[in-house]
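Protein chains: 2
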Amino acid sequence: MADGIKLIISGPSGAGKGTVIARLIERLEALSEAYYLSISMTTRYMREGETDGVSYYFTDKAKFEALLAQKGLLEHNVYNGEYYGTPAAPAEEAFAAGKIVLFDIDINGGRQIRERYPDAVTCFLIPPAFSQLEKRLRGRGTESEDKIRHRIDIARGEYAAAADYDYVIVNDTIDDAVEEILAVVMAERCRMCRRKPLLSI
Amino acid sequence: MADGIKLIISGPSGAGKGTVIARLIERLEALSEAYYLSISMTTRYMREGETDGVSYYFTDKAKFEALLAQKGLLEHNVYNGEYYGTPAAPAEEAFAAGKIVLFDIDINGGRQIRERYPDAVTCFLIPPAFSQLEKRLRGRGTESEDKIRHRIDIARGEYAAAADYDYVIVNDTIDDAVEEILAVVMAERCRMCRRKPLLSI
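Quick mapping for you: the protein sequence lines, in order, are chains U and Y. Our numbering puts the first residue of the first sequence at 354, with every later residue one more than the last. Our numbering puts the first residue of the second sequence at 354, with every later residue one more than the last.
Bear in mind the hints are in silico, worked out from the structure with no lab data behind them. Some hints here could point you the wrong way.
[What the hints assert, rightly or not] In silico DSS-like cross-links for lysine-lysine, where the CA-CA straight-line distance does not exceed 27 Å:
(1) Y:K414 - Y:K424
(2) U:K414 - U:K424
(3) Y:K414 - U:K488
(4) Y:K416 - U:K549
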């Protein structure tokens, strides 16, 4: 059994995180690497087309708060009056089974998870140049100018706050970004903190 | 131009360091990665078949001591009354040119280089089990029992002293060990300490 790795991937809106994570998962499957993609829990209503346990774990406020009280959430926040959080149990089970546990999460969530798991590995995904974020956001053609400016302001804050992340992954091409993440996983497995037992003779 | 990386590879006698480094260099060449393998300087006599600037840089004691006085050596030691050391200038030139600078060096030398270059990346190469070191040393069939025991004692000390190395590379198969080292190089290039400038917007 390989050693489990907790891998946090964050990045500003427009960095291409969703696409990179989807490709990463394809590559992990091709490499026969066991992984688990963490699924968030929320109290918001289930939209059409969503499935409980796939898009999110859907729950009610009482249950969410009970889980929070017993430290069953790795991180949480409130958005539009609804709770969002990352349940600890599935992630811990996957890690114990030697899986790569992927957290696709914003930088605040990433920091909360890191506090709980100091051995988590953190990657911040960015486009080759900041100006490309704006281009990509505008290129979607689905959002108002105000919304785009707001996203860019948030991205600026995320860049400033990402300094405590371990790695910066540059999404020049999707394949290059995925290869960098795979190298990080492989290298992290070799780190002294994980392989020190091999030196006990 | 890629970013230079200073890569220190140490490991006990019998771990297969020479073979792994030779294969690593083949792979770096296949990947068109620019590298420089650091060459030691020594005051011992040049043996038949050796070439100055290939096996070693050969010099005399006065010149070695002058270089030492002007901090022109990254590490040095004395063996059988002769000096051995790693000249700084070729390594620094290669690093400035964006090359992967490889130091094939024992653990004491590695520690001295790390003091001088805190950004150096350190890898400790070991066989999958300590017992295999003994097997490999005996398998050579060229050394006395006393010499083999002495080497094993030294290896024990090295395992204990390697705790401050960054990575442990397991020489299960040569190819696996080389892939681990290549992943370390790729991941280290992505580390926040090296890519922080990309977050300045």
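Hint check results:
For the proposed pair K414 (chain Y) and K424 (chain Y), the alpha carbon gap of about 15 Å is at most 27 Å, so the pair holds. Between K414 (chain U) and K424 (chain U), the direct Cα distance comes to roughly 15 Å. Compliance with the 27 Å bound is thereby established for this hinted pair. For the given pair, K414 (chain Y) sits about 62 Å from K488 (chain U) by alpha-carbon distance, which is inconsistent with the 27 Å threshold. Restraint check for K416 (chain Y) and K549 (chain U): the C-alpha separation of about 41 Å exceeds 27 Å, so the hint is violated.
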